[in-house]
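Novice: Each chain is listed here by its residues.
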Amino acid sequence: MSELQERVAKRWKVPKGHIYVLEEFCKGCGFCVEFCPKKVLAQASHFNDKGYHPPEVVDPEACVLCGFCERICPDFAIWVEEEGKSDAG
Amino acid sequence: MPAKTILTGVHFMNGDEAIAEGAIAAGCRFFAAYPITPQSEIAERLAWRLPQIGGMFIQMEDEIAAIAAVLGASWGGMKAMTATSGPGFSLMMENLGLAVMTETPCVIVDVQRGAPSTGLPTLVAQGDMMQARWGSHGHYEIIALCPASPQEAFDLTVKAFALAERFRVPVLLMTDEVVGHMYERVEIPPEVPVAPRRRPRVPPEEFLPFQPDPDLVPPMACAGEGYRVHVTGLTHDERGYPDMTPEAHDRLVRRLVDKIRLFPEEYTFYEEVQLADAEIAVVSYGISARVSLGGIELARKAGIKAGLFRLITAWPFPDEAIHKLAQRVKGIVVVELNLGQMSREVERAVRGLVPVHGVFHAGGRIHTPEEVFQGIEEVYRRCR
Amino acid sequence: MPVRAARAAPEFVPRVRHPLERWLRTDRLPHIWCSGCGLGTALSAFLYALDELGWDPDTVAVVSGIGCAGRVAGYLRLDTYHTTHGRAIPFATGLKLAKPDLHVIVFSGDGDLFAIGGNHFIHAARRNMDIAVICVNNFNYGMTGGQLGPTTPVGARTTTSPFGNFEHPFNLVHLAASAGATYVARCTTLDGRRLQKALVEALSHKGFTFVEILAPCPTNYGRRNRLGEGLDELRYYREHMVIKHGADPKEADIAPGKPFLVGKFVDIQKPTYLELYQAKAREIGGEG
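Keeping their order, the protein sequence lines are chains E, F and B.
For the record, in the first sequence the residue sitting at position 59 is 90 according to this note's numbering, with numbers rising by one throughout.
For the record, in the second sequence the residue sitting at position 315 is 348 according to this note's numbering, with numbers rising by one throughout.
For the record, in the third sequence the residue sitting at position 41 is 52 according to this note's numbering, with numbers rising by one throughout.
It should be emphasised that the hints constitute simulated quantities derived from the structure, not laboratory data.
Among the hints, erroneous ones may be present.
[Unchecked claim] For lysine to any residue, the following SDA-like pairs were computed, each having C-alpha atoms within a straight-line distance of at most 25 Å:
{"#": "1", "chain 1": "E", "residue 1": "70", "chain 2": "B", "residue 2": "19"}
{"#": "2", "chain 1": "F", "residue 1": "357", "chain 2": "F", "residue 2": "310"}
{"#": "3", "chain 1": "B", "residue 1": "281", "chain 2": "F", "residue 2": "90"}
{"#": "4", "chain 1": "E", "residue 1": "116", "chain 2": "B", "residue 2": "67"}
Can you make the complete structure from the sequences, with help from the hints?
Specialist: Written out as C-alpha cells, the structure is:
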C-alpha cells in the first residue's frame with residue numbers, strides 16, 4: 032500500500048515555514064516552478080522513480096509562503112506549511 | 034388526514050395500478066420514470082400517491098435518466114423503482130448492468146407491448162423476455178417475475194422488492210399490456226412486510242464495502258452513513274477499488290452470478306394447474322398462461338388430458354422443474370406472445386425427452402383458446 | 012557581485028501529511044492522470060473549497076461519469092459513485108432526492124456531461140435540481156485517445172478530426188445559463204484561489220450550479236494541436252484569459268488564439284425542485 036503518511040518527503044526550511052516535496056508523486060509538469068511568483072523553485076537535475084525531474088528549493092529566503100505551488104500542483108506532490116502549524120512528524 | 038400507505042381492502046384496479054400500490058406497500062418511496070404506453074398508469078398513480086405519503090416522484094427526461102435516478106436513490110437509502118415498456122427498456126439496459134455490477138437493489142417494471150421498435154404501442158406482446166435475460170452487455174444473472182393478473186401484479190411487486198434487497202440486485206417485473214390494463218379484484222392485505230436492507234455490522238474503519246457475507250451478498254452502506262464507500266461500474270475488489278486483472282474480474286463476475294444461482298428455492302415460483310394426470314403440459318406465463326387455461330379446457334373436453342405449468346419466475350429459468358415435468362408428460366406446448374423465446378429454454382431443459390411445440394404469435398392480440406387447443410392437439414398427435 | 016546563499020539542503024521527513032489528505036483515498040495515489048494534465052489541479056481546488064466550507068465529509072457525495080474526469084470520484088475519501096457514461100447527473104438527482112440533506116456534487120468531463128450526457132444536463136438545470144456540476148473541460152476525449160468532443164473548437168485536430176474539426180463547439184457557460192442554472196462560473200486550472208472561490212460559491216449556492224474549469228490535456232489535445240506541454244497551455248491561459256464578472260454568457264465563446272472570458276456569469280436565486288415538491292407535499296399531507 033502506498034499510503035501517503037508512510038512516505039518520506041523532502042522538507043526545506045523557508046522564512047515563515049516549510050516547503051515539502053513528495054518526489055515520488057511528482058510528474059515533472061513544472062507548474063510549481065513556472066508559476067511561483069518568487070522563483071523559489073527549480074527543476075532538480077536528478078530523476079525520481081518515474082523518470083521525472085521533481086522540483087527543489089533554490090531560493091528559500093524568497094518564499095513568502097503564498098502556497099501557489101501547492102494550489103497548482105496536480106499531483107499532491109508539493110505543499111507548504113506555516114511555522115507552528117505542523118502536524119507532520 | 035395523512036394518506037394511507039397500504040390501501041388495505043378489496044379494490045377494482047388494473048395491473049399497472051396494482052404494481053404502483055404493491056410498490057408502496059413494499060416500502061418503495063422513490064419512483065422515477067418517463068411516460069410510455071402501456072406503463073403510464075403506474076407513473077400517474079405514483080405521481081399522485083408518493084407526495085402524499087412522504088415519497089419522491091420524478092418524471093425524468095428519458096428512461097436512461099429514470100433508471101440512473103433509481104440507482105442513485107437506492108444508494109441514498111430508499112427503495113426505488115422505475116417502470117417502462119419495450120423502447121424504454123432498451124434504453125435502460127446499460128444502467129441495468131451498472132445495477133448488477135454495483136449490487137444496487139431496485140425494481141424495474143417492463144409492461145411489454147408489440148415490438149421491435151415502436152411496434153404496437155397500445156397492444157400486447159411478450160417479446161422482451163430474452164432481452165430481460167441478456168439485454169445488458171456482459172455475463173450476469175438476473176431475477177425476472179411474470180404476473181398473470183392484477184392481484185399477482187401487486188403480490189409480485191412486493192416479492193420483487195424483497196428479492197432485490199435479499200440478493201442486492203435489480204429485479205425485473207416482466208408484465209404485459211393486457212395484465213397492465215386489465216381491471217380485476219385486487220385484495221390488499223392489512224400488513225405487508227418491508228424487506229430490510231442488509232446493513233454493515235462493523236464500524237467504517239473495518240468495513241470492506243464489497244466483502245460478501247457467506248451467502249455471497251455484501252452488506253450495503255448507503256450515502257451519508259459514514260462509511261464513505263466508492264462505488265464503481267469498473268471491475269473492483271472488496272474495497273470497491275478498480276482492479277483490472279483477469280483474476281479479479283472472473284472472481285467478481287462469478288460471485289455476482291453465484292449469489293443468485295446458489296439459492297433457487299428462494300426465487301423459483303411456478304403454478305401447476307391440472308397437471309396431476311396430464312399427458313400434455315402447456316408451459317406459459319403472464320397473460321398467455323391465462324388464455325392457455327381456455328385451451329386446456331377445450332382439450333379436456335376433447336378427451337386430451339392437458340394441464341398448465343405457469344412460469345411465475347422467468348429468470349433464472351427453472352431448469353429442474355421443467356426437466357421433471359418432461360419426465361411426467363408426453364409432450365409440451367409453449368404458448369407465448371413472441372416467435373419463440375422462453376420455448377428455447379423449455380427445449381433446453383427438456384433435453385429431448387419429449388416433443389416441444391410452440392404456439393407463437395408476434396403480438397397485437399392474445400391467443401385464442403382454440404389456437405392453444407390446436408397446439409395441444411398437434412403435440413398429442415405427434416407423441417401418440 | 013552578490014553571492015547567492017548555498018542551496019539549502021532538505022531534511023527527509025517520514026509520515027508526511029498533505030493538507031488535503033483527509034479528503035483523499037491516499038492508498039490510491041499517485042493518480043492515473045498524465046504529466047501536465049489539469050485534472051489534479053481541479054481536484055485539489057475542489058478539495059480546498061470543501062475545506063473552506065468546513066462541511067462534515069459524511070454529508071458530501073460525489074458522482075462522476077466516465078473518462079479521465081470520471082476517475083475523480085475514486086480518489087475521494089467520501090461517498091463516491093463512478094457511474095455510466097453521461098449519467099452522473101440523473102444518478103445524482105436520485106441520490107439528492109432520496110437524501111436531501113446530502114451535498115451532491117457531479118464532477119465530470121466535457122464529453123461526458125455535454126455529448127452523451129447533454130440532455131441530462133439541460134433538464135437538471137431546467138428543473139433547478141439542487142446539485143453542483145463541476146466540468147473539467149479539456150476540449151477532447153482524453154481517456155479514449157483524444158477524439159473530438161462537443162467543446163472541440165472548429166478546425167482543431169483530434170484523432171477523429173484528422174483534417175480539422177468541422178463542428179461548432181458548445182459555449183458551456185451560455186448553455187448552462189440558457190438551460191436555467193442559477194450559478195455559472197468559468198475558471199482555468201491556473202486560477203488558484205479564484206477557482207476555489209468559484210467552487211465555494213457553487214457548492215454553497217442553493218439550486219443547480221455549474222463551474223467550468225478549463226484544463227490542459229497535453230497528451231492528446233495539446234499534442235495534436237501543437238500547444239506544447241501542459242505548462243505551455245497554462246501560459247496560453249495566462250496570456251488570453253480576460254477576467255470579467257457579470258459578462259453576458261453569449262460572449263463566453265472560446266476560439267483558438269483569441270481572448271476568452273473567465274469569471275462569474277450567473278448568480279441568481281429561484282426555487283429548487285425539492286423546495287417546490289416538499290412545500291406541496293407538506294400541504295397535501297406527506298412529508299416529502
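Novice: Would you mind confirming whether the straight-line C-alpha gap from residue 281/B to residue 90/F stays at or under 25 Å?
Specialist: holds, 21 Å
Novice: Given the hint that residue 116/E pairs with residue 67/B, test it: the Cα-Cα distance must not exceed 25 Å.
Specialist: holds, 22 Å
Novice: Just to be careful, I want the Cα atoms of residue 357/F and residue 310/F compared with a cutoff of 25 Å; is the pair within it?
Specialist: holds, 14 Å
Novice: Could you grab the alpha-carbon distance between residue 70/E and residue 19/B and see if it respects the 25 Å cut-off?
Specialist: This hinted pair holds, its Cα atoms lying about 15 Å apart.
Going down the numbered hints, you'll see the structure goes against none, and every one checks out.
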